[in-house]
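S.K.: Chains W and U, in that order, give the protein sequences. Quick note on numbering: the first sequence equals residues 93 to 327 in the working numbering. Quick note on numbering: the second sequence equals residues 93 to 327 in the working numbering.
I should point out that these hints are in silico values taken from the structure, not numbers from a laboratory. Keep in mind it's a predicted model, so treat the numbers as computed, not measured. A few of these clues could be false.
Okay, the calculated beta carbon distance ranges per label pair [stated by the list, open to error]:
| id | chain 1 | residue 1 | chain 2 | residue 2 | range |
| --- | --- | --- | --- | --- | --- |
| 1 | U | THR296 | W | LYS271 | 35 to 43 Å |
| 2 | W | GLY207 | U | LYS201 | 50 to 58 Å |
| 3 | W | THR302 | U | ALA165 | 40 to 48 Å |
| 4 | U | PRO257 | W | LYS205 | 38 to 46 Å |
| 5 | W | LYS172 | U | LYS271 | 44 to 52 Å |
| 6 | W | GLU322 | U | THR298 | 54 to 62 Å |
| 7 | W | PRO314 | U | GLY263 | 15 to 23 Å |
| 8 | W | PRO314 | U | GLY320 | 41 to 49 Å |
| 9 | U | GLY207 | W | LYS271 | 50 to 58 Å |
| 10 | U | PHE276 | W | LYS205 | 26 to 34 Å |
Glycine is no exception: its CB is placed at the ideal position from the N, C-alpha and C atoms.
This is what each chain is made of:
There are 2 protein chains.
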Amino acid sequence: MRNIIIASTSTVHGGKPLEYLLEELSIFFKNTSEILFIPYARPSGITHDDYTESVRLAFNKIDKTVKGIHEFANPKEAIKEAKGIFTGGGNTFVLVNQLYKNDLIDTIKNEVKNGTPYLGTSAGSNICGLTINTTNDMPIVYPSSFKTFGFVPFNINPHYLDPDPTSKHMGETRETRIKEFHKFNTQPVVGIREGSWLEVKGDTTTLRGTLDARIFEYDKAPYEIETGSELHGLK
Amino acid sequence: MRNIIIASTSTVHGGKPLEYLLEELSIFFKNTSEILFIPYARPSGITHDDYTESVRLAFNKIDKTVKGIHEFANPKEAIKEAKGIFTGGGNTFVLVNQLYKNDLIDTIKNEVKNGTPYLGTSAGSNICGLTINTTNDMPIVYPSSFKTFGFVPFNINPHYLDPDPTSKHMGETRETRIKEFHKFNTQPVVGIREGSWLEVKGDTTTLRGTLDARIFEYDKAPYEIETGSELHGLK
Numbered sequence: 093m094r095n096i097i098i099a100s101t102s103t104v105h106g107g108k109p110l111e112y113l114l115e116e117l118s119i120f121f122k123n124t125s126e127i128l129f130i131p132y133a134r135p136s137g138i139t140h141d142d143y144t145e146s147v148r149l150a151f152n153k154i155d156k157t158v159k160g161i162h163e164f165a166n167p168k169e170a171i172k173e174a175k176g177i178f179t180g181g182g183n184t185f186v187l188v189n190q191l192y193k194n195d196l197i198d199t200i201k202n203e204v205k206n207g208t209p210y211l212g213t214s215a216g217s218n219i220c221g222l223t224i225n226t227t228n229d230m231p232i233v234y235p236s237s238f239k240t241f242g243f244v245p246f247n248i249n250p251h252y253l254d255p256d257p258t259s260k261h262m263g264e265t266r267e268t269r270i271k272e273f274h275k276f277n278t279q280p281v282v283g284i285r286e287g288s289w290l291e292v293k294g295d296t297t298t299l300r301g302t303l304d305a306r307i308f309e310y311d312k313a314p315y316e317i318e319t320g321s322e323l324h325g326l327k
Numbered sequence: 093m094r095n096i097i098i099a100s101t102s103t104v105h106g107g108k109p110l111e112y113l114l115e116e117l118s119i120f121f122k123n124t125s126e127i128l129f130i131p132y133a134r135p136s137g138i139t140h141d142d143y144t145e146s147v148r149l150a151f152n153k154i155d156k157t158v159k160g161i162h163e164f165a166n167p168k169e170a171i172k173e174a175k176g177i178f179t180g181g182g183n184t185f186v187l188v189n190q191l192y193k194n195d196l197i198d199t200i201k202n203e204v205k206n207g208t209p210y211l212g213t214s215a216g217s218n219i220c221g222l223t224i225n226t227t228n229d230m231p232i233v234y235p236s237s238f239k240t241f242g243f244v245p246f247n248i249n250p251h252y253l254d255p256d257p258t259s260k261h262m263g264e265t266r267e268t269r270i271k272e273f274h275k276f277n278t279q280p281v282v283g284i285r286e287g288s289w290l291e292v293k294g295d296t297t298t299l300r301g302t303l304d305a306r307i308f309e310y311d312k313a314p315y316e317i318e319t320g321s322e323l324h325g326l327k
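The whole structure should be built from the sequences, with the hints applied where relevant.
M.R.: Laid out in structure tokens, this is it:
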């Protein structure tokens, strides 16, 4: 049975990395003491080693050890043998570029389909959707495709941000951008606010955490769903 | 002689489209009464016709007529015959995708090199740099390349935005994003604030408008340049 957490962010304002999720994660990863970490998104361009170290510190609090996928000679084998996978945030384009370079997309899809628990935060959540066409990140590298895992039949917009009515900046709001996306694409987009996540168990996807989420469907007015709701019929 | 305006935005807060630039544009386009408009960036997904109409209204104020490139059977010929070109803002990925589909990148590069005045705003400015790796836009379509005109030997970041010290949102600031870009790329990035533009005359590039610009060079601390400064030695 599929077992996936798709979180808006790893860190909420004023908190430490993964802190708000740790209680949840100790249940989620209850069948393994070791997490395979995919550090490819490299926030602020930090190294795979440095990124893995910071995640190790967070998971140590719930008595889990962490190994970075870059520490393995064969990353595909590492995925196949993992009992729990975490892909952290950073730059979505850098992440996807590396996943394609190492030919890992299908391997991860298969293992997660077969039940390996997968946690994604931010960029690591973005790739749980159909494509990265709704990432917020700067396209600092050119990946060979924008297509991703499709664990859910829609796109994710992590760090969903409501419009700031006081802004004098002429850049587009997040809602404007997602509406633009729907001029060229038809799949739904789920905007997840920081502090909330989607929980996928088998075929059921439920919104968890403290905040509502905003749903954008093609040719419909956007609407809110409450935490605790199941996401039905989105495709 | 090359004659290019690379503007941060078409519209400043509280103003009308191109209003703050019109006086400048009536000099810039003094040798032509007709502007060829490239509406491919489709802000908010509006049609080429609707976008061209709004630009027509703005240029009418300085007695210029406007034709949209989509009105021509042969867009390459339209570029070659144009006496003045304007590419408006919208979504940079949508813009670049259409330019590649119509095989127009080299044609525009050549004509502008040979002296056709070119005005870009926002997405239309982004493509004046080496690549679109420093756009702020959402990647709602997947273009066949991120490489663009390279009228200047650096990348552009239009709508440059200073960090907001009061924000509690965990998304990256613009400066953080550009620093990340420099972990994977070495060309300089020029952040142009709304209300300012780069003027390229022959081989000389000068910052114009009301605000300073922020320069990001590989492996150097970012710094400000004052309006009126020439941009030397960036490459």
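S.K.: Does each hint fit the structure? Answer for all of them.
M.R.: Checked hints:
1. U/THR296 - W/LYS271: 35 to 43 Å: Cβ of U/THR296 to Cβ of W/LYS271: about 41 Å, so the range 35 to 43 Å holds.
2. W/GLY207 - U/LYS201: 50 to 58 Å: 53 Å, holds
3. W/THR302 - U/ALA165: 40 to 48 Å: 56 Å, violated
4. U/PRO257 - W/LYS205: 38 to 46 Å: Roughly 44 Å apart at Cβ, these two residues keep to the hinted range, so it holds.
5. W/LYS172 - U/LYS271: 44 to 52 Å: 36 Å, violated
6. W/GLU322 - U/THR298: 54 to 62 Å: 58 Å, holds
7. W/PRO314 - U/GLY263: 15 to 23 Å: 19 Å, holds
8. W/PRO314 - U/GLY320: 41 to 49 Å: 45 Å, holds
9. U/GLY207 - W/LYS271: 50 to 58 Å: 39 Å, violated
10. U/PHE276 - W/LYS205: 26 to 34 Å: Once the Cβ atoms are compared, 31 Å apart, the range 26 to 34 Å for W/LYS205 and U/PHE276 holds.
Hint check: violations occur at hints 3, 5, 9; the rest are consistent with the structure.
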